[in-house]
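Trainee: Listed here are the chains, written in short residue letters.
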Amino acid sequence: EADIYQTPRYLVIGTGKKITLECSQTMGHDKMYWYQQDPGMELHLIHYSYGVNSTEKGDLSSESTVSRIRTEHFPLTLESARPSHTSQYLCASSDRGDEQYFGPGTRLTVT
Amino acid sequence: KNQVEQSPQSLIILEGKNCTLQCNYTVSPFSNLRWYKQDTGRGPVSLTIMTFSENTKSNGRYTATLDADTKQSSLHITASQLSDSASYICVVSDRGSTLGRLYFGRGTQLTVWP
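Chains as they are written, first to last, in this note's numbering: chain A, 803 to 913; chain B, 2 to 115.
Do not rely on the hints blindly, as some may be mistaken.
From the structure, some residues in chain A lie toward chain B, with a derived Cβ separation under 10 Å [as the list claims (entries may be wrong)]:
no. : residue
1   : I806
2   : Q808
3   : Y812
4   : G842
5   : M843
6   : E844
7   : Q890
8   : L892
9   : C893
10  : A894
11  : D900
12  : E901
13  : Y903
14  : P906
15  : G907
16  : R909
Everything labelled a hint here was simulated from the structure, so no lab data went into it. Every residue gets a Cβ at the ideal spot worked out from N, C-alpha and C, and that includes glycine.
Please work from the sequences and hints to get the whole structure.
Mentor: Here you go:
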């Protein structure tokens, strides 16, 4: 099993709150990713990073932001949560190959 | 447009039975195709990877096939177990991206009943 961790696993929060979803990996991978997944739907890439101080937006437009100050850490922040942000958020990492190792995900509910 | 289509959307089988899941893709250029298993509330875990030159690859009771000419893949599960209940996702990688761009299907939700 891959050494990639996400916290919290579940989060229920009110509209307008600021939240940060944590993702850490201990494999030394340079590339990291954030995906959004709704039930029965495919994963959509919302952010990715090639390495420290590198961040890019993915295919799906997202109001979230990310940072990559350390290789092992890739947090995602929502400044003002809305019900439309309710979803599952999956973090992944990869080395020079393209196999991505996924974390367990964070199930976010915004009320 | 690069796409990955999976069928059926959902499937229910009895424990011990076999089943086959299908994946059609239009991704080009093609690098490889993976089947992932995603348990409820968990992240996907890779089961098999197949490159252009590979036709069949097995991982225990899971056997994947690839026809690169017709751009079709299948995942066959033999002697199903209750723990096989999960979503099975077909993921295709393109060759042209240094990012390792992945295209995800929506998955087939498999339920195994006792």
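Trainee: For which of the previously enumerated hints does the structure constitute a violation, in increasing order of number?
Mentor: Result: no hint breaks.
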